[in-house]
Each structure stands twice: as structure tokens, then as C-alpha cells.
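A.B. asks: The residues making up each chain are set out below.
There are 2 protein chains.
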Amino acid sequence: MEQLSANRSHGGTQGVYRHASAVTGTDMTFSVFVPDHAPGAKLPVLWFLSGLTCTHANVTEKGEYRAACAEQGVILVAPDTSPRGEGVPNDEAYDFGQGAGFYVDATEAPWATHFKMRSYIEQELPALIEAEFPADMARQGITGHSMGGHGALTIALRNPARFRSVSAFSPIVAPSRVPWGEKALAGYLGADRAAWRQYDAVALIEDGARVPELLVDTGTADQFLEVQLKPELLEAACRTAGIALTQRLQPGYDHSYYFVSTFLGDHVAWHAERLKA
Amino acid sequence: MEQLSANRSHGGTQGVYRHASAVTGTDMTFSVFVPDHAPGAKLPVLWFLSGLTCTHANVTEKGEYRAACAEQGVILVAPDTSPRGEGVPNDEAYDFGQGAGFYVDATEAPWATHFKMRSYIEQELPALIEAEFPADMARQGITGHSMGGHGALTIALRNPARFRSVSAFSPIVAPSRVPWGEKALAGYLGADRAAWRQYDAVALIEDGARVPELLVDTGTADQFLEVQLKPELLEAACRTAGIALTQRLQPGYDHSYYFVSTFLGDHVAWHAERLKA
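Those protein sequence lines, which keep their order, are chains A and B. Counting from 8, one number per residue, gives the positions in the first sequence under this note's numbering. Counting from 8, one number per residue, gives the positions in the second sequence under this note's numbering.
Looking at chain A on its own, in the form it has when it is part of the complex (with noise of 0.2 Å):
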């Protein structure tokens, strides 16, 4: 693992790596951010993944997070969306391809060779914070916005035991009912539906999955909400299920980092309750 960069903010340190991944068969970036900490101290860990066309640059520029990471005494890992690089198949379409990894494991060519943001996620990657960071593996969070929200929702749907706390921002809440999920998982996965499952929130809790509670926040003047987002089909679900979901409607608020960054300290607060716990 390289160090890109290393920068003190809100008394801790806010840090840009990059390693070669086994898993993707690419170099990947990530950013963490570490608040202050008694030598030896092992602090709980939040995952923040980030949505279409998104780096890691995204959240650790404009997310505003670190305040409260530093008051809470909470690490922050945000990874990016995708593979990249030259012998990383792509498409010209912002939604697919490089930048637009719906955090699944590929099967399609050419896409399965580098695709692999499932395993990257949910394996390699937190090995290596174990590995290189002051973190308490024991006590993670997620969290994420747009395709990152629907990839925090389905990775804890699918380790319930591994995180503790799981939030969204504007999550694609059913991918397999709406474009750009249709789009992402008939091109990396097949034609066949039932493949899709485990890569879309409802469907999981549909099938059984379940976590103790859910925080979402999403915009009321979000571009996305009717035709993308869909938050209904996740209350709908929840209800059903018996899954505690504070859905809170933000008005005025659109899809931006201005609206994520307005929010995501008081996810930050939420998460640190139960990681603390």
C-alpha cells in the first residue's frame, strides 16, 4: 500500500492510498480518514461508497464529514466505484463501466475479468484496513449515496452479522425495477433475473435478508427520486418485513454533494451510537 497523500483536517489525518488490487487485477484508490487517538486505540470503522462517476475524491472533498469523524472517534473509508485504467474495459455511457461498478462481481465479458467491486468490498479491501489501520473491525458501519447507497444496503443485507449500523443517501433502493440498475445488472451479470437478487435491497429483504433498522435521507428535489430511487419500494419492503426504516424526505434537497454533506455528520453521530454501543 502507497500513500498519495497525507493531510492533517479537523484534528485527525485524511489520507489518499492506493494498492494493487488481487481482486480486480488493478491498482485501486481509496481515501481514510483517521481521527486523533490514544496510541494503540482501535477505533470503529464507517464505510462510505459513492455513486456513479464517483472516485473516493468526491465524498473526502465535499462529504464534510470529518468534524464529526473526529468527535465521534470514528475511522471513514471511502473506495472508489470501479477498476480503472488503460486495460479496464469501459463504456462511453457515465452509468456503465468505469466509474459505475454497482458494487457486483461480474460474470459477463469483458466485464468479469476487472468487475469484482462485491469481493473488493466486502473482502480485500477490509482486510487491508485491519491490516494498515488503527480500526475495530468488530464495529463497522456503512453507508453510502446513489449506487453507494444501494451498495451499503445490499452488503449488509448480506452480512448482517459484520456491520453493526447501515445508512443511505438517495439509495437506487431496486435496481431490477428501474434504468440504471437494469442497465448495470443485465450488462454485468446476464439476462437472468434471478441473479439480480442479491444485488438489489428489496429483493434481498423480499428473500429473507434482514438488519434491525435502516437510516435513509433523500431529497424531496431530487432529479432521480421518481424514476430511480423509488424510496416507496424500500418502505413498502421494510414494512413488510418488520425492518425498523427511518425514511426522512429532505425538502428542497437535490441528489449533490450538497445535499450529502448537509447530512452525512448527523449519519456519522447515528452510526457512532450504535458502533459505540
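Just so you know, these hints were derived from the structure itself, not from any lab. A quick note: this is a predicted structure, and the numbers were derived from the prediction, not measured. Ideal placement from N, C-alpha and C gives every residue a C-beta, glycine not left out. Be aware that a few hints might be false.
Label-pair ranges, simulated between beta-carbon atoms [claimed, not checked]: (1) B:186 to A:99: 41 to 51 Å; (2) A:243 to B:145: 45 to 55 Å; (3) A:276 to B:166: 36 to 46 Å.
Sample of chain B residues lacking proximity to chain A, with all beta carbon distances greater than 12 Å (derived) [to be verified]: (4) 137; (5) 185; (6) 201; (7) 216; (8) 253.
Chain A is already provided as a structure; the job is to place chain B on it using the hints.
C.D. replies: Positioned in the frame of chain A, the structure of chain B alone reads:
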């Protein structure tokens, strides 16, 4: 004035605007954050002047000031750092020409035609802000970063009746005596150093300009500390002049927005205390 964007954020509206400037002879872009407020209310205004290479966008995206501005009920205005565009002269260096206006009214060719950032910030833009926003121009404060810290200090020292509060982040306090400033002031104003003194905070204080107090934050790990910033020169000038300077050297912080964003909320609260007194 044309609105380029408006995003709800932290209980207010972050807008970006463009207008045709008579002073610079170019279009100029700036951002304004307006907290929610009672109908008809006028809010105090804090100016944030940015540093070399920056536009309005750097602090707008990375400054983390909106939560504090909304809490305090303070408008924040972030102008650009120079005129820009095809007809505007430029220099290939990052520290001269476009992106490096140094808040002077240039007198040397070819800069004198468009590089009128002093008049733009002191005269034209305040009139536009007063006309277009719910701004109480009797309650203005000013701050800035690096070259913009130089701008904030010199503009406040020349206009002490206009600003109730002035602070700075990593300011260039004595541009006449450091490489960045010597290059810029010679280029924009010519070789006569007497003409430079109105654009040098330490020289202005030596020449009798006064403000009641100053708040300055600079990082001890700032790569420009010793050669370009020289906070000790401001300290000596303030001591001699009897200006109450609170100069905080922040351990381990550098010159980046990771530093500015850590303390900008503090500065907003400090200004608000004085603007609302």
C-alpha cells in the same frame, strides 16, 4: 446577473452567479450562500477571498462553512480571484495573471485594462450584492486564504469603517517582501515600491492604517510559511501599532483546504459575534 446554479444545503441556498463586470470588462462568476431567514430580514455578510489558482468554486465546494453560516445567520460571498476569458491577458505561471489577481488595480500594460480586482471587490460587487441579496451592508466582515488573506487584510485596513471584523487563513502579510508578492506587485504596478504599500498589510499598518483586532490562523506544516507568509512580520507590526492580533499557529496543518475547512466554521462564528453585536 444570471443564476448558474442553486442548491439547497445546510438549511440555506448555495447559489453561483455570473454578471458582466464594468470594472474588469469581463464576465465574473461568484458564489453566495444565503441561510434561510424571515421574510424581509437582512443578514450580515462575510466575504471570503480565495488564493492563487482558485475560483469561487474551491471554497464553495471544500470550505465547510455552510453549517456555521446557517447557524449564525450569515451570508457568505466568494468572488473569483481575477478576470478570465479569451480576451484577458494571462501568464503561464500559476502565480501571475488569471487566477492570481492579487486584489490590486493594475496600472501596468497589458494588465491595467482588466485586472481591477481592488475596485471589483471594494466597489462593484458589494453594490451588486446589496441590490440582489438580503444583505445588511452595514454589517460586513471579511476573510480569505493565502493571496485572499492578503486581500482581506489590505481591503479591511484601507476600509476600516466598512468592516466590523477581519480575519485570515495563511495570509501573505507582507507581499512587498516575499517572492509571490514581489513578482505580482512589480508586474501589475511597476517597479516603484512606494505604489506597492497600499497592497501590503504590514506596510499599511506601518503607514498608520488600523483595525481594532485581527484573527489569523496559519498551519505550522504550511509549505509556504517561511518564504511567502512570514506571520512574524504581521505580529511585529501589530505589536508596534497596538492592534489586537490573535495569531494561531495550528500544529501540523498545511496550506490546503483540509486546513481552511477545519477552522472556517470557527471564523464564521467569530465574525458573527462581532457582526451581530
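A.B. asks: If a hint holds in the structure, say so; if it does not, say that too.
C.D. replies: Tested hints:
The beta-carbon spacing between residue 186 (chain B) and residue 99 (chain A), approximately 45 Å, falls within the hinted interval of 41 to 51 Å. Our hint of 45 to 55 Å for residue 243 (chain A) and residue 145 (chain B) holds, since their Cβ atoms are close to 54 Å apart. The beta-carbon spacing between residue 276 (chain A) and residue 166 (chain B), approximately 41 Å, falls within the hinted interval of 36 to 46 Å. Every Cβ of chain A is farther than 12 Å from the Cβ of residue 137 (chain B); the closest lies at roughly 25 Å, confirming the non-interface assignment.
Separation of residue 185 (chain B) from chain A is adequate, the least Cβ-Cβ distance of about 24 Å exceeding the 12 Å criterion. Look at residue 201 (chain B): its CB is around 40 Å from the nearest CB on chain A, clear of 12 Å, so calling it non-interface holds up. Listed as a non-interface residue, residue 216 (chain B) keeps its Cβ farther than 12 Å from every Cβ of chain A; the least gap is roughly 33 Å. The beta carbon of residue 253 (chain B) sits about 20 Å from the closest Cβ of chain A, which is more than 12 Å, so the claim that it is off the interface holds.
When held up to the earlier numbered hints, the structure conflicts with none and fits them all.
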